[in-house]
Amino acid sequence: MTSIIPNTARHASSISSFLAADVGGTHVRVGLIESNLKYSIPPHLLNVRTYRCAEYPSLGAILTDFLGERSPMRDCVIASAGFQLSDGTVITTNLPWPLSLHQLRADLNLTEVYLVNDFEALAYATEDMEAAQLLHLTGPTET
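Counting in our numbering, the sequence shown runs from 1 upward without gaps.
Any given hint could be a false lead.
As the list claims (entries may be wrong) - Okay, the calculated beta carbon distance ranges per label pair: (1) T93 to T64: 23 to 31 Å; (2) R29 to L137: 20 to 28 Å; (3) R29 to T141: 29 to 37 Å; (4) L67 to H102: 17 to 25 Å.
Everything labelled a hint here was simulated from the structure, so no lab data went into it. Beta carbons are placed, not taken as given, at the ideal position from N, Cα and C, and that holds for glycine.
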């Protein structure tokens, strides 16, 4: 499976951080992720906050609020059920505002903004889970 860790974090010689946002129709969950793949340390969540979409004019406003006084980020990964068009606009059905990756990049002075399908993001997360953290739902079990 290909990593969704931003390229700048993958090639960094030291620990780097990036923003991760799970964008739903009602809520956006934003986290600050720390990554150090040089030493094969799985990424971990430093801070997380949940926002109500209807209370903000854009995803950029939410990310700006989350960052507050923190140092600017270079990269952002967005997990969403939306579909990205070639112009960087993301088609969503339930958001109260448009979502544009190009606009986010410009507004927050980001180097890269990555869009990942929300189910794809879950699949990546399972790589770092222990068997005891998983729940078998259906089908034959291994013996």
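Going down the list of hints, with the structure as the test:
1. T93 to T64: 23 to 31 Å: Between T93 and T64, where Cβ atoms are some 25 Å apart, the hint holds.
2. R29 to L137: 20 to 28 Å: Taking Cβ atoms as reference, R29 and L137 lie about 24 Å apart, which means the hint holds.
3. R29 to T141: 29 to 37 Å: holds (32 Å)
4. L67 to H102: 17 to 25 Å: holds (19 Å)
Every hint from the earlier list agrees with this structure, and none is contradicted.
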